Amino acid sequence: IYVDQETYEVKYGLRAESEHHLVGPWDCTRIDKRITLEGWEGFMAVEEDEGSWALYFDRDDNGLRGKRSKERILEVELTRKERR
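Note that our numbering gives residue 76 to position 74 of the sequence shown, counting from 1, and the numbers run on in steps of one.
It cannot be assumed that every hint is accurate.
Straight-line C-alpha distance at most 25 angstroms; calculated PhoX-like pairs for lysine-lysine [claimed, not checked]:
1) K69 x K13
2) K13 x K35
3) K13 x K83
4) K35 x K72
5) K13 x K72
Pairwise CB distance ranges (calculated) [what the hints assert, rightly or not]:
6) K72 x D29: 30 to 36 angstroms
7) R85 x Q7: 30 to 36 angstroms
8) R74 x G41: 23 to 29 angstroms
9) T31 x R85: 18 to 24 angstroms
10) D29 x S54: 26 to 32 angstroms
11) R74 x P27: 26 to 32 angstroms
12) W55 x R82: 18 to 24 angstroms
13) S54 x I33: 28 to 34 angstroms
14) Q7 x E79: 22 to 28 angstroms
15) L76 x W28: 20 to 26 angstroms
Worth flagging that the hints you see were computed from the coordinates, not collected in a lab.
If you're wondering where the values come from, they're calculated on a predicted model, not measured in any experiment.
Where a beta carbon is used, it is the ideal one built from N, C-alpha and C, also for glycine.
Kindly generate the complete structure, drawing on both the sequences and the hints.
Shown next as structure tokens:
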């Protein structure tokens, strides 16, 4: 899992695909296990097509300004859930 350096979209792929992109550090908060990247929870869901959403990381903390514009954008919390 990595964040595209140009678009800030969260993607997955082979190690070669993630080169030159944001690959971490990933972590989670102690109390409620929310996922963080680079020390904070800046994840956004973007409706790219009607009914089709993609996950982004708002690295610049500006609502993805300059990255996405006319789509619906929602802040989201990612939580870690461990299997028992």
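Violations among the numbered hints: Structure breaks hint 4 only.
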